[in-house]
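K.L.:
Given next are the chains, with one letter for each unit.
Number of protein chains: 2
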Amino acid sequence: MPVSAEHDDTEQHLLALHQDLETGKLAEVKQLLHALTPAEIADLLEALKPKDRLVIWRMLPADVAGEVLVELNEEARSGLIKAIESTDSEDLVEAAGTLDPDDLADIVEDLPEKIRQQVVQALSHHDRSRLEKVLAYPEDTAGNLMHTDTITVRPDVTLDVVLRYLRLRGEMPDLTDSLYVVDKDDKLIGILPLSILLTADPDKTVRELMVTDIEAIPANLPASDVALLFEHHDWVSAPVVDEEGRLLGRITIDDVVDVIRDEAEHNIMSHAGLSEEVDMFAPVKISAQRRAVWLGVNLITAFLAAWVIGLYEETIQKEVALAVLMPIVASMGGIAGTQTLTLVIRGLALKQIGVTNVNTLLMKELAVAFLNGVLWAVVVGIIATVWFQAIHIGLLIATAMIINLLCAALAGVTIPLLLQKMGIDPALAGGVLLTTVTDVVGFMAFLGLATWWLF
Amino acid sequence: MPVSAEHDDTEQHLLALHQDLETGKLAEVKQLLHALTPAEIADLLEALKPKDRLVIWRMLPADVAGEVLVELNEEARSGLIKAIESTDSEDLVEAAGTLDPDDLADIVEDLPEKIRQQVVQALSHHDRSRLEKVLAYPEDTAGNLMHTDTITVRPDVTLDVVLRYLRLRGEMPDLTDSLYVVDKDDKLIGILPLSILLTADPDKTVRELMVTDIEAIPANLPASDVALLFEHHDWVSAPVVDEEGRLLGRITIDDVVDVIRDEAEHNIMSHAGLSEEVDMFAPVKISAQRRAVWLGVNLITAFLAAWVIGLYEETIQKEVALAVLMPIVASMGGIAGTQTLTLVIRGLALKQIGVTNVNTLLMKELAVAFLNGVLWAVVVGIIATVWFQAIHIGLLIATAMIINLLCAALAGVTIPLLLQKMGIDPALAGGVLLTTVTDVVGFMAFLGLATWWLF
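Keeping their order, the protein sequence lines are chains A and B.
To convert, take the position in the first sequence, counting from 1, and add 53; that gives our numbering.
To convert, take the position in the second sequence, counting from 1, and add 53; that gives our numbering.
Okay, chain A solo, but in the shape it has when bound:
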């Protein structure tokens, strides 16, 4: 049995792949690809230049090629699909055709209209209705996340009957850890975990042994709430029901892991104004366009700060030390504010912040800001006094820093809460707004106090 020490290492696969491609050893490339899962191949493709991706993808068998499309991130996928379409779109139809309807649902909207029609028409009636069932729910809801491949049993049969039925059936969908018990109207009335099926007396009926105090997932529940449910309950799979409690399908942990990973990446990437679906090797023009918007938004902040400084041009001319020191006040406010903001955004994502504790949190953050404000104000004040041989400069920067750190704490707590109320993603907009506040307040406090005290 292979022990997977260095098996799962995209970096090493990349190295091997490059060497084989350069020396033209295509048989070795195929062998390497054969040993990898579709998810691993997708990781590998994302690390290649777009034109190399097409070459590798064409070497895959149709069923693997289809799954690889599902596993790629959106931007890389749509780039690859365009490249395939412009050369030989038959491969695309074939690869998509091998997918089961639930996976197909994930990529069908990225397919060009003509290809989508071909693929959908080739589906059996049963598969087409499964596809439509999943597509009926918006992205990022339980309904869109679910698979429809459930095994259902009736409550009045014995376990022995169920066991014989399973053997007749011959195979089980991946990640099946429970059978679902439904009544004649397809309403979910319980689940029968495989562990009970395997350990209980076979003469007992399903009704006697099924678990009924379980939570079914409503099809319209947001994907992020589904992820929290899975984490809180350590589920492997869970049934999805409609408003009348009828069984629609099930969600499995592998898809939930993707949701968790995507959410986490969303938070990290949003911070830099990027999408979690961004492609590291997207064409320069596309990357430049996407990032330009974020730079433009931040330019507004920067000009706002510049405008504030401009109000005090005369003051700066009289005392140039102010220009030297002013970025310190703004930057320390930004850093302290980001700490509070980061904590609050996490708390909101975990739904740990609400009307009952927001005041406690604000008071705590203000207290922390005050302590750190005083500490670093003293340090900065002393350094500034020594540097410019002027105690009034030291006093000035110390006061401005305390003011800015308190404002930063206030902004760090309130901005994400306000954004969430307005339906704007705090992970995306929170950082820019916070920096705007800490820059403006920082420069205004420092230069404003200077104008008032010194002249």
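Calculated from the structure, these hints are not laboratory results.
Note that the coordinates shown come from a computational prediction; the quantities given were computed from them, not determined experimentally.
All copies of an identical chain are treated as equivalent in the list; a pair is satisfied when it fits inside any one copy or across any two copies.
Each computed EDC-like pair below joins lysine to aspartate or glutamate, with the alpha-carbon atoms no more than 20 Å apart:
(1) 404 to 127
(2) 404 to 315
(3) 257 to 213
(4) 474 to 62
(5) 404 to 330
(6) 474 to 64
(7) 404 to 128
Please build the complex by placing chain B on the supplied structure of chain A, with the hints as guidance.
P.N.:
Relative to chain A, chain B alone:
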């Protein structure tokens, strides 16, 4: 069957809890807690003030109380343990005593020495050796993550024998989706998925049906690699083996989900110099201390930038417009650099960046930086020219911006790579170093060029 629309909502639980606590309805509080999983209760506790946590924790039955300790984040846990210890440490011994050895391993090092001894001594010989087995591996490795509750079978028995054995055994560990097939030396030779056990002919032997081309996890594999393996293979559980291939235990997806969540939080929190284990409601003094370090590190950056500005005091005195505009150059460089840095850190985490593609990536990022540099340089140049009625100011800031954006791209690619080589976490230190570069280069390019051109 309850449909869990608003069930799993810490915010609503908080509200209910507060109302019940205020009106003294303790029976209602107990009822609410009874309906929640330990993970949900932990989420709830983290959203409460430390003194309320103790009150709630004491209301829990010992077994739930123990699991809640496991689920809490480290900082909240150690705070709660201190609070319990200082009032009645017997509860702590009792709660920890209910945990199975694998869960106990997660918290045993947070227990005060005296209590740890009591708990460990109360374990059976078998449980103590299980605990020691897990503790023998460092944190964040497969060995420390594993549970030892595997069900093993021999290859030469028939499925029918296995089925009867399972019925005799009567129960299965949570998240068991496979039985492990071992030889007489405990070496892992295959796995028998429950789905095969349930669907295959019971007269066949385990050897005929077991899956042998699986990857076993070496006990010393880092937890982050374990997570990638699970994601790439869609596993529910996987066997852990020692260097000789002997079965040690298994890792289950619920623990892997925690690893993924922790890693993601680590990246987000590190960005603000916080730990993923930070407690939102930690005492002010503790929070202030932890955050002070990060502010101090950033203060060095800020003073470095101030020192650069100080070099050009005379230039600024002659042309105050420079002081007004200089933060724009630095800030745009910081934003653009952060975009590159964020992409590269993600690529490194997924092992998608290596010697084969780092040059391609650098060229691409420089090209993107150049395009956006030119675009925004023109915009900023025109605004600055109009604002200060001086074309030389416009030309100056435009040139400086292009220089700084190119340096930002270079730093964004190289800094995380260098940090990783030096064994320093890029998510923690990358942002500070990048800002240092973009501040220093931004101020130096702008003010340096001004000194050279204008005077």
